[in-house]
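Novice: Each protein sequence line maps, in turn, to chains A and B.
Here the first sequence stands for residues 1 to 383, numbered as in the numbering used here.
Here the second sequence stands for residues 1 to 300, numbered as in the numbering used here.
Simulated from the structure, these hints should not be mistaken for lab results.
Just so you know, not all the hints are guaranteed correct.
Stated by the list, open to error - Under the rule of at most 30 Å between Cα atoms (straight-line distance), these lysine-lysine pairs were calculated in the DSSO-like manner:
| hint | chain 1 | residue 1 | chain 2 | residue 2 |
| --- | --- | --- | --- | --- |
| 1 | A | K269 | A | K33 |
| 2 | A | K297 | A | K350 |
| 3 | A | K163 | A | K269 |
| 4 | A | K299 | A | K284 |
| 5 | A | K365 | B | K168 |
| 6 | A | K86 | B | K126 |
| 7 | B | K126 | A | K269 |
| 8 | A | K365 | A | K288 |
| 9 | A | K290 | B | K126 |
| 10 | B | K182 | A | K177 |
| 11 | B | K126 | A | K284 |
| 12 | A | K297 | B | K168 |
| 13 | B | K182 | B | K168 |
| 14 | B | K126 | A | K299 |
| 15 | A | K269 | A | K288 |
Keep in mind it's a predicted model, so treat the numbers as computed, not measured.
The lines below spell out each chain.
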Amino acid sequence: MKRVFMLVVALAAMGLMLAGCGGENEKAGQVLKIGTMSPLTGPYAADGNDIRQGTEIAVEVIMEQGGISGFTDIMIFPQDTACDPKQAVAAANKLINEEVTGVVGAYCSSSTIPASETLAEEDVIMITPGSTNPQVTERGLPYMFRTCGRDDHQAPAAVRFMKDVEKVQSVFIIDDKTTYSQGLAEGVALAAKAEGITVLDHDHVNQGDKDFSAVLTKVKAAKPDLLYISLQNSATGALMVIQAKRMGIDATLMGQDAVYHPKLIEIAKADSDGMYCTFGAIDKDAPKYKEFQTKYKEKTGNNPGAYSAYSFDSAMAYLLAVKAAGTTDPAKVRDAMLALDFTGASKQLKYAANGDSGSNYVVYKVVDGTFTPYWNSLTGEMY
Amino acid sequence: MEFFIQQLINGITLGGVYALIALGYTMVYGIIQLINFAHGEFFAAGGYMGVILISYLAAQGLHPYACLGISLVLSMGYCALLAMAVERLAYKPLRHASRLAALLSALGMSIFLQNGLMLTQGVYDKPYPTEITSGGFEWGLVSVSYMQIFIVALTAFLLVGLNVLVFKTRIGRAMRATSQDKIMSALVGINSNRIIAITFAIGAGLAAAAGIMVGLYYGSVNYSMGFVPGIKAFAAAVLGGIGNITGALVGGLIIGMVEIFAAGYISGEYKDVFAFIILIGVLYFRPTGIMGENVDDTRV
């Protein structure tokens with residue numbers, strides 16, 4: 001009897017789900033569906049949630065401005081990639097099934113690249129706010145766009161800073177073996193050698209490690225002028241910074257754009273003082289950014305994270321392009337995207353034919369508990 | 001030489017943490033032959049409870065060391081209660097089912113607790129106050145922080161306490177009896193369900209202490225922090241001879257040392273590989289673990 005009852009309940013539950021789906025499909029004609037792909041769980045969830053929230057705010061702003069004519073509503077389908085290539089491809093397939101027409105994401109280059117190939121088969125537009133590996137836009141996918149910068153611009157910018165401003169002679173490099181962090185670290189090693197800076201060692205740690213005492217003891221023994229930290233995650237970066245300071249390492253510390261996050265300072269506190277990070281220039285006094293920041297704080301209670309503004313701009317670019325094109329037809333939206341030239345929260349956005357929007361790397365220094373712009377890699381000037 | 005000494009100190013600290021977590025695995029396995037995969041989550045929960053309590057007490061104006069002491073005791077108590085609840089809900093109903101069922105239940109509990117932590121505490125790392133932990137000694141290349149001394153001292157203290165409990169008290173005798181034969185010990189008047197619950201509570205309390213020490217030592221806690229140390233501590237427990245308290249200590253120290261020396265002398269990316277090669281090697285040549293021969297006398 002109990003079994004029969006359970007069976008009835010299960011069938012009823014399935015029936016409800018099917019009914020739910022049917023309801024959604026009926027009004028699909030007037031709803032604009034966009035997806036986000038980012039790690040919402042796991043060690044990279046901090047950046048992943050920033051991406052989701054940035055997109056949500058873009059949709060809110062567009063709706064406040066009267067929405068997009070021809071569409072009654074904009075729906076967001078946030079997907080969790082966990083920074084895992086397999087899960088990213090599954091997420092891409094799920095978004096295709098939901099019939100989304102544009103996707104903001106993914107975060108890790110190692111998941112963006114496979115996911116973009118799946119999305120490309122269905123001509124879904126993908127705009128990444130955070131994947132900096134050159135390969136993302138180098139493969140000639142017509143519907144792939146990138147709002148952030150590229151590693152092959154970031155690595156030379158970092159090395160130029162080391163040479164011109166910090167006058168370092170030797171550098172120790174640590175990465176955590178992801179497509180992104182290792183690719184960037186290798187770029188830095190190459191550029192450093194070309195500039196005549198000695199690379200004392202290039203060591204690797206594993207993702208998810210918390211104890212860096214062994215590798216930091218090596219750093220201490222090698223006595224580099226600068227320790228370059230290329231990790232996928234700012235919280236891990238914070239742990240490395242704390243442990244380096246406690247061990248008494250007096251080398252200059254420098255990180256990259258995945259290490260750059262307000263959470264790093266929140267965790268490492270005074271230990272992060274004087275640390276450098278490369279990240280795209282975001283003018284925090286610009287009215288566009290201020291506006292975005294206010295909205296973000298209202299909605300989430302936090303200040304924008306590292307990739308929030310890039311995600312907001314990525315979603316805005318897509319929504320504005322759909323608005324301009326008046327349709328979700330990918331070819332027409334692509335043309336509209338390429339014609340865009342607008343001031344976003346992060347920078348002036350104009351996509352090139354290959355989907356890139358240019359790099360604008362700046363070196364930030366931690367001063368009094370905030371990342372302060374310190375040196376501009378484009379002009380070679382101090383702020 | 002200085003390099004070697006520094007790595008040795010790093011290894012002992014890390015090994016101490018693994019040993020404390022491994023004790024819980026070993027005790028629970030010793031008494032009901034269950035590998036409690038949710039054990040790493042007690043470690044994470046303890047770390048979180050610690051940071052919440054320390055922040056709260058520090059806001060009340062207490063001395064940092066008083067905050068630390070009180071939080072340590074309360075977090076250990078909290079995790080002990082949590083472990084007893086988990087045991088009652090997820091393991092006791094399966095006591096007479098197949099071992100696989102209990103194992104799956106443990107895995108499920110691990111995922112449940114980890115997601116519970118994520119949903120209640122958020123996905124971001126929670127920073128520990130660093131004022132308590134700064135400072136230390138330095139001789140040339142070698143530096144020892146007060147925190148490292150604290151970790152080793154607390155590990156030693158808890159281990160001695162545990163040994164006294166298991167070998168010198170009535171509860172300890174009951175635990176040893178239950179681990180040898182549940183039915184016979186029940187016949188002579190031991191409430192085996194109560195003893196099992198106490199074993200879970202003690203193991204989780206030790207894991208909570210490890211969680212707080214890790215939080216203080218590394219500066220922050222994270223909801224997923226229990227998984228990797230949990231696996232390492234499990235390896236340590238197996239390495240030492242699962243079910244054996246001294247074995248857990250030895251196993252923990254070996255895993256910690258191997259990791260640090262592999263990272264220090266070869267490369268950071270190989271440390272896990274070497275830790276597990278040692279484990280496989282020991283299992284191959286000594287399936288009972290290093291301290292496995294006297295398992296009947298000392299296992300709890």
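Novice: All the hints need checking, so say for each whether the structure fits it.
Specialist: Right, here's what the structure says about each hint:
1. A/K269 to A/K33: The hint is violated at about 41 Å.
2. A/K297 to A/K350: The hint holds at about 27 Å.
3. A/K163 to A/K269: The given pair, whose Cα atoms are some 27 Å apart, holds under the 30 Å limit.
4. A/K299 to A/K284: 19 Å, holds
5. A/K365 to B/K168: 58 Å, violated
6. A/K86 to B/K126: Distance of about 29 Å is within 30 Å: holds.
7. B/K126 to A/K269: 12 Å, holds
8. A/K365 to A/K288: 23 Å, holds
9. A/K290 to B/K126: Satisfied, since the Cα-Cα distance of roughly 27 Å is no more than 30 Å.
10. B/K182 to A/K177: It is violated: about 49 Å lies between the C-alpha atoms, which goes past 30 Å.
11. B/K126 to A/K284: Holds, at roughly 26 Å.
12. A/K297 to B/K168: This hinted pair is violated, its Cα atoms lying about 58 Å apart.
13. B/K182 to B/K168: 20 Å, holds
14. B/K126 to A/K299: Since the Cα atoms of B/K126 and A/K299 sit roughly 21 Å apart, the hinted pair holds (cutoff 30 Å).
15. A/K269 to A/K288: Holds, at about 29 Å.
The structure shown violates the earlier hints numbered 1, 5, 10, 12.
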